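Chain order of the listed sequences is A and B. If you count by our numbering, then the first sequence holds residues 1 to 551, one letter each, in order. If you count by our numbering, then the second sequence holds residues 552 to 657, one letter each, in order.
Treat the hints with care, as some may be off.
DSS-like, lysine-lysine: derived pairs with alpha carbons at most 25 Å apart [to be verified]:
hint: 1; chain 1: B; residue 1: K558; chain 2: A; residue 2: K246
hint: 2; chain 1: B; residue 1: K560; chain 2: A; residue 2: K505
hint: 3; chain 1: A; residue 1: K477; chain 2: B; residue 2: K560
hint: 4; chain 1: A; residue 1: K99; chain 2: B; residue 2: K652
hint: 5; chain 1: A; residue 1: K99; chain 2: B; residue 2: K642
hint: 6; chain 1: A; residue 1: K331; chain 2: A; residue 2: K449
hint: 7; chain 1: A; residue 1: K313; chain 2: A; residue 2: K445
hint: 8; chain 1: A; residue 1: K248; chain 2: B; residue 2: K642
hint: 9; chain 1: A; residue 1: K77; chain 2: B; residue 2: K558
hint: 10; chain 1: A; residue 1: K190; chain 2: A; residue 2: K493
hint: 11; chain 1: B; residue 1: K642; chain 2: A; residue 2: K477
hint: 12; chain 1: A; residue 1: K476; chain 2: B; residue 2: K642
hint: 13; chain 1: A; residue 1: K313; chain 2: B; residue 2: K642
hint: 14; chain 1: A; residue 1: K165; chain 2: A; residue 2: K191
hint: 15; chain 1: B; residue 1: K560; chain 2: A; residue 2: K80
hint: 16; chain 1: B; residue 1: K642; chain 2: B; residue 2: K652
hint: 17; chain 1: A; residue 1: K445; chain 2: A; residue 2: K544
hint: 18; chain 1: B; residue 1: K560; chain 2: A; residue 2: K77
hint: 19; chain 1: B; residue 1: K642; chain 2: B; residue 2: K558
hint: 20; chain 1: B; residue 1: K642; chain 2: A; residue 2: K80
hint: 21; chain 1: A; residue 1: K449; chain 2: A; residue 2: K493
hint: 22; chain 1: A; residue 1: K331; chain 2: A; residue 2: K190
hint: 23; chain 1: A; residue 1: K505; chain 2: A; residue 2: K544
So these bits of chain A aren't anywhere near chain B, every CB distance computed over 10 Å [stated by the list, open to error]:
hint: 24; residue: Y4
hint: 25; residue: H50
hint: 26; residue: I96
hint: 27; residue: V155
hint: 28; residue: H240
hint: 29; residue: I280
hint: 30; residue: A291
hint: 31; residue: D389
hint: 32; residue: Y421
Note that these hints are calculated values from the structure, not bench results. Every value quoted in this text rests on a predicted model; they were computed, and no experiment measured them. Ideal placement from N, C-alpha and C gives every residue a C-beta, glycine not left out.
The lines below spell out each chain.
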Amino acid sequence: MYRYDEFDQGFVRDRVAQFRDQVSRRLSGELDEAHFKPLRLQNGVYLQLHAYMLRVAIPYGQLSSVQLRTLADIADKYDKGYGHFTTRQNIQYNWIALKDIPDVLEQLATVEMHAIQTSGNCIRNVTSDQFAGAAADEIEDPRPWCEILRQWSMVHPEFAALPRKFKIAVTAAEHDRAAVRVHDIGLHMKKNAAGEIGFEVIVGGGLGRTPYIGVTIKDWVSQAELLDYLEAIMRVYNLHGRRDNKYKARIKILVNELTPEEFTRQVEAEYAAQRDHEKIALPQDEIDRIAAYFAPPAFETLPETSAAFEEAKAKDEAFAIWAEMNLQPHKVPGYTSVTISLKPLGIAPGDATSDQMRVMADIAKAYSFDDIRVTHIQNLVLAHVKLDDLYNVFLALDDAGLGAANVDHGSDLICCPGLDYCNLANARSIPVAMDIQNMLAPRDKELGKLHINISGCINACGHHHVGHIGILGVDKKGEEFYQITFGGRADEKATIGDIAGPGLKQEDVTPALARVVDRYMALRKSPDDAFIDVLEREGHDPFKEALYAAD
Amino acid sequence: MSSVRPKLKPAIPKVVTGWNTQTGRTVYLTAQEDWSEDIADAAVFTGDAADHALTFAEEDQTRVNDPYVTEVDENGQIAGREVLRETIRAKGPTIHPDLGKQAGNA
């Protein structure tokens, strides 16, 4: 993984000292909240229902065991012994006191972490495929590009005060696990006719109150040209993005108000204009220097299969089911990537206790080349585990309450913090999620792959628009209601779901979804006929009928 | 939408609430112009007194953030459209009865 150089380290430490002074001036009354708020937001500090919330950046979701242990220590010392992993591949602490935050940031800096640009109208944490550098189906490791983008966008003076927040995702596999089509900019690495690897550039995707699927404005941009092309996009947005109305300020609105064709024309014109005198033209030796940080670990030469793994599956059914659900094919024979589900029953989706973080850190150190990833589905990944070691890994995880077998299935749902924590939420999402999980978990294996996404307000942190089943909490005269959408997806066939009809009361949501999955079972032709495929083939009507067919 | 709070009529009983500047904990204005983490200690205001209390709170920047008024009944119990949100603020997350003021460990 990338390691800080002296400039990175000095910069982050200076920022901690600067924020310590700003906090001190706020607490003494020298700064009022109106002046302090933009400063705290630049350092990831929000004010939520119960306390300040600190959002810590995890660049493209990658963590070492030392970093994860530090996050656990912070949870114990400054919070309430747990943290919440988010759909931006970051972590949030829910109970932080402002007076402690400079100390927290100082501790984070000791392990090359910070909270800069996790809020505010800037380029946020660049996200990626959680299996980057490991996945059998990727054409190249996208992490060096995430790191190059991180360095380019970090305190970039021209893009520090954009019309609105800005999110970039990068993937390098045909099957998109990074939701690149619902980002402000999505970069899909692919080869051109000459076999060179570059980037398809997708712009103007996003969720929130006005969801859009991004449009491809350039089929292929070379690696050397990438930053110049992105600067052209950012300049057009920075110049013409709306600043008069925050609800119309995202780049997706600009792209669609101008039309994608006109937006593309303006980007191309800007790109042509800057090419001669301001070109970055990223040098190959710089690309190579960053890529060297992501060199593959010292994999052993192993057979494709493992007798120990097969034997363990034969004797332990729970392990066999977990192995069927939670493993991802690895590019190196004899290895796999393990998804640790943070969706066991009875726990808020994405939450992990400090003890669980330490267990995962220890396992990563012992069995995964010290490499942990956070996924935008709010799970953690051990990137490189030997098949021979899987049973030991499973037993250690299960012992810590981390053995849930449900990845990509119904009970592995995405869920925002909702009204239990969030100052913007209109309705609770976690209790709804937990109730659905209780209903679906026993049926996960039978039902197959199913993505359910829940948001507690229209800002869509729970990505409800792109769930196969989406759930949006709304407030109707002081009562929580839940609007259901069908047919969303976040992969390479990204689609915004359609609203099924009137909202449901909280107590009616789980029974209604039970009827929906029963209808799916009645309609599917085989166990391989996935929920989303049946929905797309049969149309939404049978599912709407089931949704509203109360006994 | 919680960030756009309903305008409350002068006759409706209200308490003034906000967040402790140092800790971020939910606090309520007391009759002694102090701030308490327990809504049972909150002073209940109506009419001009509520406006004056809110003005005091807005000027008390060193101790409190983003103060506002929220509806209560004649006994000082949370009431009105924001009852769920304000109950969660007063007690803690509904999915974590072990955390927040409801658990006595705010």
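We went through each hint and held it up to the structure:
| no. | hint | in the structure |
| --- | --- | --- |
| 1 | K558/B / K246/A | holds (23 Å) |
| 2 | K560/B / K505/A | violated (29 Å) |
| 3 | K477/A / K560/B | holds (17 Å) |
| 4 | K99/A / K652/B | holds (20 Å) |
| 5 | K99/A / K642/B | holds (23 Å) |
| 6 | K331/A / K449/A | holds (23 Å) |
| 7 | K313/A / K445/A | holds (16 Å) |
| 8 | K248/A / K642/B | violated (36 Å) |
| 9 | K77/A / K558/B | violated (40 Å) |
| 10 | K190/A / K493/A | holds (16 Å) |
| 11 | K642/B / K477/A | holds (22 Å) |
| 12 | K476/A / K642/B | holds (22 Å) |
| 13 | K313/A / K642/B | violated (46 Å) |
| 14 | K165/A / K191/A | violated (30 Å) |
| 15 | K560/B / K80/A | violated (39 Å) |
| 16 | K642/B / K652/B | holds (5 Å) |
| 17 | K445/A / K544/A | holds (24 Å) |
| 18 | K560/B / K77/A | violated (44 Å) |
| 19 | K642/B / K558/B | holds (24 Å) |
| 20 | K642/B / K80/A | holds (16 Å) |
| 21 | K449/A / K493/A | holds (16 Å) |
| 22 | K331/A / K190/A | holds (17 Å) |
| 23 | K505/A / K544/A | holds (16 Å) |
| 24 | Y4 | holds (30 Å) |
| 25 | H50 | violated (6 Å) |
| 26 | I96 | violated (7 Å) |
| 27 | V155 | holds (26 Å) |
| 28 | H240 | holds (27 Å) |
| 29 | I280 | holds (40 Å) |
| 30 | A291 | holds (42 Å) |
| 31 | D389 | holds (35 Å) |
| 32 | Y421 | violated (6 Å) |
Checked against the numbered hints above, the structure breaks hints 2, 8, 9, 13, 14, 15, 18, 25, 26 and 32 and satisfies the rest.
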